[in-house]
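Enquirer: Listed below are the residues making up each chain.
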Amino acid sequence: MAHDHHHGSYLTPKGGTLATVLDWATTVDHKKIGVMYLFAVLFMFFLGGVAAVALRTELWDPVRINEAGQVTGQLFGPADATSVATGNDIYNRLFTLHGAIMVFMVIVPSVPASLGNFLIPLMLGAKDVAFPRLNLLSWYIYVIGSIFAVSSIVLGGVDTGWTFYTPYSTSTDADMMRVVYMVLGAFILGFSSILTGLNFVVTVHKLRAPGMGWFDMPLFVWGLYATSIIQVLATPVIGITLLLLTFERLFGIGIFDPAKGGDPVLYQHFFWFYSHPVVYVMILPAMAIINEVIPVHSRKAIFGYKSMAFASLAIAAVAFLVWGHHMFTSMSEMASAIFSGLTFLVAIPTAVKMFNWIATLYKGSISLTTPMIYAVNFLVLFAIGGLTGLPLATLSTDLHLHDSYFVVAHFHYVMMGGTIIALLAGLHHWWPKMFGKMYNAFWANIGAIVVFIGFNVTFFTQFFMGVQGMPRRYASYVEDFQIYHQISTIGSYILAVGFFIHLFVFIHSLAAGKKAAQNPWGGLTMEWAADSPPIEHNFAHEPVCTHGPYDFDRVVPPGWKEADWPVPEGVKPQLSGAELTSHKGGGH
Amino acid sequence: MSTYPTQSSGQPGGQSGGAAADARPLWARYKFGHHFRNSHDEFEASKFGFWLFLSTEVLLFAGIFCAYALFRAMYPEAWAEGSKALDWKVGTINTVVLLVSSFTMAYAIYCFQTDKQERARRMLVITFFAGLTFLLVKFGFEYMPKWSGYFFSFDPALSKYTANIVPEQAKLGGLIQFVEGYGGKRPGKMFDYPFASSPQMPIWWAVYYSGTVIHASHVVIGMALIARAWWRARKGHYGPGHYTFVEITGLYWHLVDLVWIFLFPLLYLIH
Amino acid sequence: MSASVASHDTHGSHGSGDHGHSHGHVIVPPITLGTILGLLLFFTLLTVGVAQLEVWIMDYFNIVLPGWINIVGAMIIATVKCVLVMAFFMQLRYDNPINTIVMLFTILCVALFLVFTSLDLLTRDRVYADKGKQVIPGGSGDGTNSFATIAKKKYEDKWGAEKFAAIKSVIKHDSHGHGHGGHEASNTASRSRTVTGLTGALSTSVGAHGHDAKHDGKHDGHDHAKPEAKPESKPEAKPAGAH
Numbered sequence: 003m004a005h006d007h008h009h010g011s012y013l014t015p016k017g018g019t020l021a022t023v024l025d026w027a028t029t030v031d032h033k034k035i036g037v038m039y040l041f042a043v044l045f046m047f048f049l050g051g052v053a054a055v056a057l058r059t060e061l062w063d064p065v066r067i068n069e070a071g072q073v074t075g076q077l078f079g080p081a082d083a084t085s086v087a088t089g090n091d092i093y094n095r096l097f098t099l100h101g102a103i104m105v106f107m108v109i110v111p112s113v114p115a116s117l118g119n120f121l122i123p124l125m126l127g128a129k130d131v132a133f134p135r136l137n138l139l140s141w142y143i144y145v146i147g148s149i150f151a152v153s154s155i156v157l158g159g160v161d162t163g164w165t166f167y168t169p170y171s172t173s174t175d176a177d178m179m180r181v182v183y184m185v186l187g188a189f190i191l192g193f194s195s196i197l198t199g200l201n202f203v204v205t206v207h208k209l210r211a212p213g214m215g216w217f218d219m220p221l222f223v224w225g226l227y228a229t230s231i232i233q234v235l236a237t238p239v240i241g242i243t244l245l246l247l248t249f250e251r252l253f254g255i256g257i258f259d260p261a262k263g264g265d266p267v268l269y270q271h272f273f274w275f276y277s278h279p280v281v282y283v284m285i286l287p288a289m290a291i292i293n294e295v296i297p298v299h300s301r302k303a304i305f306g307y308k309s310m311a312f313a314s315l316a317i318a319a320v321a322f323l324v325w326g327h328h329m330f331t332s333m334s335e336m337a338s339a340i341f342s343g344l345t346f347l348v349a350i351p352t353a354v355k356m357f358n359w360i361a362t363l364y365k366g367s368i369s370l371t372t373p374m375i376y377a378v379n380f381l382v383l384f385a386i387g388g389l390t391g392l393p394l395a396t397l398s399t400d401l402h403l404h405d406s407y408f409v410v411a412h413f414h415y416v417m418m419g420g421t422i423i424a425l426l427a428g429l430h431h432w433w434p435k436m437f438g439k440m441y442n443a444f445w446a447n448i449g450a451i452v453v454f455i456g457f458n459v460t461f462f463t464q465f466f467m468g469v470q471g472m473p474r475r476y477a478s479y480v481e482d483f484q485i486y487h488q489i490s491t492i493g494s495y496i497l498a499v500g501f502f503i504h505l506f507v508f509i510h511s512l513a514a515g516k517k518a519a520q521n522p523w524g525g526l527t528m529e530w531a532a533d534s535p536p537i538e539h540n541f542a543h544e545p546v547c548t549h550g551p552y553d554f555d556r557v558v559p560p561g562w563k564e565a566d567w568p569v570p571e572g573v574k575p576q577l578s579g580a581e582l583t584s585h586k587g588g589g590h
Numbered sequence: 092m093s094t095y096p097t098q099s100s101g102q103p104g105g106q107s108g109g110a111a112a113d114a115r116p117l118w119a120r121y122k123f124g125h126h127f128r129n130s131h132d133e134f135e136a137s138k139f140g141f142w143l144f145l146s147t148e149v150l151l152f153a154g155i156f157c158a159y160a161l162f163r164a165m166y167p168e169a170w171a172e173g174s175k176a177l178d179w180k181v182g183t184i185n186t187v188v189l190l191v192s193s194f195t196m197a198y199a200i201y202c203f204q205t206d207k208q209e210r211a212r213r214m215l216v217i218t219f220f221a222g223l224t225f226l227l228v229k230f231g232f233e234y235m236p237k238w239s240g241y242f243f244s245f246d247p248a249l250s251k252y253t254a255n256i257v258p259e260q261a262k263l264g265g266l267i268q269f270v271e272g273y274g275g276k277r278p279g280k281m282f283d284y285p286f287a288s289s290p291q292m293p294i295w296w297a298v299y300y301s302g303t304v305i306h307a308s309h310v311v312i313g314m315a316l317i318a319r320a321w322w323r324a325r326k327g328h329y330g331p332g333h334y335t336f337v338e339i340t341g342l343y344w345h346l347v348d349l350v351w352i353f354l355f356p357l358l359y360l361i362h
Numbered sequence: 417m418s419a420s421v422a423s424h425d426t427h428g429s430h431g432s433g434d435h436g437h438s439h440g441h442v443i444v445p446p447i448t449l450g451t452i453l454g455l456l457l458f459f460t461l462l463t464v465g466v467a468q469l470e471v472w473i474m475d476y477f478n479i480v481l482p483g484w485i486n487i488v489g490a491m492i493i494a495t496v497k498c499v500l501v502m503a504f505f506m507q508l509r510y511d512n513p514i515n516t517i518v519m520l521f522t523i524l525c526v527a528l529f530l531v532f533t534s535l536d537l538l539t540r541d542r543v544y545a546d547k548g549k550q551v552i553p554g555g556s557g558d559g560t561n562s563f564a565t566i567a568k569k570k571y572e573d574k575w576g577a578e579k580f581a582a583i584k585s586v587i588k589h590d591s592h593g594h595g596h597g598g599h600e601a602s603n604t605a606s607r608s609r610t611v612t613g614l615t616g617a618l619s620t621s622v623g624a625h626g627h628d629a630k631h632d633g634k635h636d637g638h639d640h641a642k643p644e645a646k647p648e649s650k651p652e653a654k655p656a657g658a659h
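As given, the protein sequences belong to chains A, B and C, one line each in that order. If you're matching positions, the first sequence starts at 3 in my numbering and goes up one per residue. If you're matching positions, the second sequence starts at 92 in my numbering and goes up one per residue. If you're matching positions, the third sequence starts at 417 in my numbering and goes up one per residue.
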């Protein structure tokens, strides 16, 4: 706790291998915890991705039994099968695995827990988050929850779908403990999410640097602040839901079981009261990243700062009003109509953000770096994802599209085209800051383009399938859909190649990357005033906020010389980098 | 308008005051986290964070209350019958126990604030045992008879069932008596109570047990926090300048009380 | 009783300004705490008393108060107690207002949760008219018996119908008495409050003489062991799934 400033970077090993491992395992440094979260999340992303590719491969051929009684087109199950049941079971388990991992273990914690943990204290000029030990605890809870969930897979898998709808989750699978493990895993992961959110809210309230008012904060922090509020207010409801579901499964208490007088629709209300807001837990941090990437790589102040900040809060507020649109086919008509109307409210703040980003790009000095390519990807994909949400929010069209591949495509455009793409944008944007190394920009750009192509090939075709009536979660289909499924499967392979390119780029960067400058992109937010990678307590001296986060027209970024960053005539240059810290990292 | 005394709190972090030679009590030597500006900020942050945590607890119980409300609307007969099966006297006793323990908890914090160490620890002990009383009453007079039909022989309710007591099934030398046809009031598929009038009684018991068991587990957690506070108070960790942990333990304990304030009328009083 | 407690500068730093000096903590004096405890105990007795009063009025004057009176009364009292605990024991009154804001937002969220979920329930019975043919409320999953019926049948098989009837008559008196001491002798059949809910079609009763499980839930007027007659039951409150 003492004020001994370590001037080495936070990555500097403390002694031998064992000592270093112990140091990381017991660290309360938000940067190390953020990095540990990042690697844990990327590992789970790999697991979920393998399941996804396996699913797409299975769907290459429809499953058929020919005249000889042999099963064709089945990837899973015994080769000489005369029954499709085993293979279908495995398919069901795989999509449950894919969904549960990607939602609970990847997308929800991805941006807040990794980049958020790393960057929020840096952006606020703080030494750490408000409760560093809770932060470490949340990481361990995340690991324990993931182990619970993955153990259910090792024991044979769960086939309920990631939503655990009753009565699937109360009646399928003779070995009930697998469902219980998976559900408890999600329950435990919820605690990790709550602790992260709680920590961020308090950090934003209490640990802003001197001079930093609410509207001097970077929009990344605003986005994560809104996210954290949702995490704190929505996650406990999934806690009680999954707890009751566990009771249901273990003791048969019947609250959600129609056969016992319970109400399965009540389960859906409980579940979506959390899981709809959590959709915004997934997308708000993505928007937050784009809020940073676009202005920095366009060298232009963000258009409509306050409207961006309030739009984040508005999305968080509306998040709690629209959960019913997941239940149009199970609810009463009146509630459906009301929820349908409320759902359209989401489009307003989302569109405000969209227009603001485009207005920021307009006449900006755009440099097509990897983060910027990803940000543009995001704008395209998220626009498609957002607009295809409107027919799903409309009651009449949803009855046709419900549980079809249209829904699958829509939420992949939002969740993956939104969150994962934005995570990659953020990762490439802050990678030099996190690890102090540059990556190979050429190959990273290639990777970004391959991911973009692969993503669209995979999921755009699914819109067509869905409109024509291909239902989701089926291992087989009528032949008419085969061409779409095959295009989609090829797309998923391209996507996988794109991610592997990034993996190699990152590994190469860690192993042999050039040393990164303090501020390679010319950002004005406070994390760029710290070293790359930052020292253990972030800043050598407590930084003071002297300018807004996007004042590119009047401030020379920290780590840059005025000659490289000409400030217009008549504007007094503010060498904030020199003022902020005694360190001047490697400037340009 | 008098102003009550306030205590200046804590020492700024980083001033290492030669801890070995320091004769001050532990609370006076407390150094706040290095990432805070002063100890008041740290105290406020801890409290704010804990209020956020409490809001998650409230929403956790909101699920139970929501299930209660909806099933009540669906199965009012089962709800009327179910709440009549609960003894309001036991519920009232437990309510009073929790309210008094909330007072002693708040009083313990006052004592720490004014450095009355002895009395503060005594208040913590009383609070702890109030929690224990709550659990024992809950288990002994509520869960056990309703679940199994076994009553403690000193349970006043037992006098009503003298005709149905089965002496052969008494246990522990007659300390526990079995009442024929009383037990089996269990949730869901475990339901085994033969005299139910409403077929949805198992759902009532499911909500009753889910709600009260989750609440009781919070009582246990609260007692653990109080025990830790008492243990550390013995060593002098808490005093006027620093009592954050006691403060948040108190907040948690009051929340347990708050949930019960709503559960009590819903379960026991409203038919 | 506590207006004398001055609220000190407990506002958070909000990240700006000079905070070199230490702030004080608010100390709520024991006299305030004791007063609050007294009030809480008073309100507890009040809510119990109101509930008893309702039963008493019903038993002695045969006046049935509408059910919402007790519900609203008990909830108002509980809310008052809740506010007292939060304001004084939990010190929200003296605290940084942000904590109060957190709680208000939480309560708003709880309200949204309850209101929208109930909203769905309000019109769901339209669907139940159709679904009732398949759904067995309180059923065991085998399509005919509820757990309550199974338990009754098990008991009768074991002890015989006479013993069942004998104990049932005790329970009938007691079901009121155990909940409301001192009124064991009250004629429970005189309680004629409508207990039909929003989805009345789901509310059925377990017949007392249900040797034949198919009779379960019939509101046959000869069912003298049934504790509650329901003259105001809606006609459509027939057992939907007993057949």
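These are calculated hints, taken from the structure and not from any lab test. A couple of the hints might just be wrong.
To be verified - Distance windows between CB atoms, simulated: (1) 117/B with 23/A: 47 to 57 angstroms; (2) 516/C with 125/B: 55 to 65 angstroms; (3) 527/C with 309/A: 35 to 45 angstroms; (4) 447/C with 23/A: 51 to 61 angstroms; (5) 253/B with 446/C: 19 to 29 angstroms; (6) 509/C with 174/A: 32 to 42 angstroms; (7) 213/A with 117/B: 48 to 58 angstroms; (8) 485/C with 335/A: 31 to 41 angstroms; (9) 575/C with 250/B: 15 to 25 angstroms; (10) 224/B with 461/C: 18 to 28 angstroms.
Claimed, not checked - Taking lysine-lysine pairs in the DSS-like style, the calculated list, with each CA pair at most 25 angstroms apart, reads: (11) 280/B with 570/C; (12) 569/C with 280/B; (13) 229/B with 569/C.
A virtual CB, placed ideally from N, CA and C, is assigned to each residue, including glycine.
Enquirer: Could you work out which of the previously given hints the structure breaks and list their numbers from low to high?
Expert: 1, 2, 3, 5, 6, 7 and 13
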